[in-house]
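Place chain B on chain A using the hints.
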Amino acid sequence: MAEMNIPEKGGKGGKKRSKKQSTRVDLTAMVDLGFLLITFFMLATTFSKPKAMEVNKPAKEEDQKVEEKPIKQSKTYAIVLGKRDMVYCYVGADDDPSVKVDSVTFSRSGLRSMIVDRQKAVQEQWGNKDELFVMIKPLPESKYRNMVDILDEMAITGVKRYAIIDEFNPIDSLIAVQSGNRLRPKKGFTSLEK
Amino acid sequence: MAKIKVARKSTAIDMTAMCDVAFLLLTFFILTTKFRPSEVAEISIPASTAQIPVPDNNILLIQVNKEGQVYMGVDDQNTRNRALPKIQSEFGVQFTEAQAKVFRLLDAFGLPISQLPGLLSMESNDRAKAKQAGLSLEVVPPNQSEFMRLVEIYRFANEEQRIEDGRPPEDRMKIAIKADKEADYEIVNEVIAQLQFKKINKFNLITSSRGAGDSGEAKE
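These protein sequence lines are chains A and B, in that order.
Residue numbering for the first sequence follows the numbering used here, starting at 7 and increasing by one per position.
Residue numbering for the second sequence follows the numbering used here, starting at 817 and increasing by one per position.
By construction, these hints were calculated from the structure, which means they are not laboratory data.
This one's a predicted model, so the numbers in the text were calculated from it and none came from an experiment.
Do not rely on the hints blindly, as some may be mistaken.
[Unchecked claim] In silico DSS-like cross-links for lysine-lysine, where the CA-CA straight-line distance does not exceed 30 Å:
1) A:26 x A:78
2) B:1018 x A:89
3) B:997 x A:57
4) B:1014 x B:882
5) A:126 x A:78
6) B:902 x B:945
7) B:1018 x B:997
8) B:882 x A:89
9) A:57 x B:947
10) B:821 x A:57
11) A:57 x B:819
12) B:882 x B:825
13) B:902 x A:63
14) A:89 x B:821
15) A:75 x A:26
16) B:1015 x B:882
17) B:917 x B:902
18) B:1015 x A:166
19) B:990 x B:947
20) A:63 x B:882
21) A:63 x B:997
22) B:821 x B:882
23) A:57 x B:825
24) A:63 x A:135
25) B:917 x B:821
26) B:1014 x A:63
27) B:902 x B:1014
28) A:26 x A:57
29) A:26 x B:821
30) B:1018 x A:63
31) A:75 x B:1015
[Stated by the list, open to error] So the derived label-pair ranges between C-beta atoms look like this:
32) A:130 x B:949: 53 to 63 Å
33) B:836 x A:24: 25 to 35 Å
34) B:975 x A:173: 31 to 41 Å
35) B:975 x A:122: 40 to 50 Å
[Claimed, not checked] A partial selection of chain B residues facing chain A, derived with a Cβ cut-off under 10 Å:
36) 828
37) 837
38) 842
39) 848
40) 861
The beta-carbon is built from N, C-alpha and C at its ideal position, and this holds for glycine as well.
One chain only, chain B, in its complex shape:
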């Protein structure tokens, strides 16, 4: 009996094209990913069914951690730049050129302003590790709290920048509050009360999204 010869075929597949596609996609995702900026405080945000995306840019982000410490920062570097001389004159602190440079790159901070130059002259690694005590919410008449004065400075700086850039009024800086879910209500309420005192009545509370299915169910 004559055997039927089955032609032996190699099972190796050419992977080149697949590899190309994989790395093309990889490049795309790497380029489009916006990495989270180094965080000044550890905050785990509450979940809600809200579906509005957080505005990407031009926001004043106020962060409240579990212990009720308050941190603040603006994402726009031009605004930071403009705010810098005002902070110096308002709070009577002096920044060196090197410290000013660091300030422009600092996303957020939260400590009494008098300690700010100290923070700015740290090495960047130490700064990330440094424990910041939070902005002061305390109102000492006749002065408003450092928090309020800082909000005022940032808003004013941002408004100047907006007018110089010729952007429409809708492009005003938005206020976002990112508070830890375990933060006491009274602290968040105080932050909101102080903002309202500054005639800011519209806020974005940053929450993580939650599916409609499990909403409202008791957590933990």
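This is chain A alone, in the form it adopts within the complex:
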């Protein structure tokens, strides 16, 4: 126990006796404090660890450009990201003005179910849902969060083939105009593309 016995000196001879005092200290408060700080450090260490999302962009090699096989439109799905967290998706067709464009939001019943439905359709037509190719086209005014969300959505729904595309076809332009989005990036940007 945390007690110290203070030896008494010189008991005899009627000398002055010092009063015996307990040296016990109540440590409860100290223990409380200790555990409080432990809790703080535990929470601060483990839970604030950020995660990384790995993105691989295709290399831009002009000289050794391999002509890739065009993808059948029935295997594609275009997702256009607009401002105010809106998403517009359609089954690709460059020049078909009657294409049906769905506008949805980032939610389980919205975008998620659209992707899953499309996966099912591809599964039925081609026998393998991994044949689906998703083209992600963020408009300049969409937020960075939207891009992260859509990439996340690809991981959640298990879409194997997708790409972020910065070129817009006439349908995308039409979507942008109708939804009040700007199509061209700010002046002075993406001057490197050419």
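What follows is chain B alone, placed relative to chain A:
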């Protein structure tokens, strides 16, 4: 009737051992905690279900805040040290010995390079409070943007350091992008486009983790 005498026992418990344990654990947590470095910009990162941990060291961290201002820094001090003379010659600025010392300890910065010496000679408190305008992404032919030139310098410096240390090529500096969730896509896209121009095609986007349960649900 004889009363049964119940021996009175003290309710005080000896807390010494418990106290010892508490402080032992406390010491452990204090020592293992890596405190967040002082941040150059306030950034609230988006959430994702990605589970890959961010590499701890040897990263080039590019930060984009809500307003689309870009900040950059490397965590490796040797790389900073090597980059220093190159920055001076590339951008035609001169650092005093004191400024160079500050630069080696500076985690990240984001302002036109011509203003960098001014930032470095500030008192450390003022520097933390100083509003930095962000690195310039503007390409003025024939020069590339200051951002791109800086990326180039840091990568080159890091590569030199890696070779000198005899580390394998897998130990190259990784590129991490930490952007605010409300940052405009076009700014982040421009940063990525400029990095791709520098033949960097692999990035880590830093996100906070989110449980699989609430993923994809509309936020706010």
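Does the structure break any of the earlier hints, and which numbers would those be?
Going through the list in order, the structure violates hints 1, 10, 11, 12, 14, 15, 22, 23, 25, 28 and respects the others.
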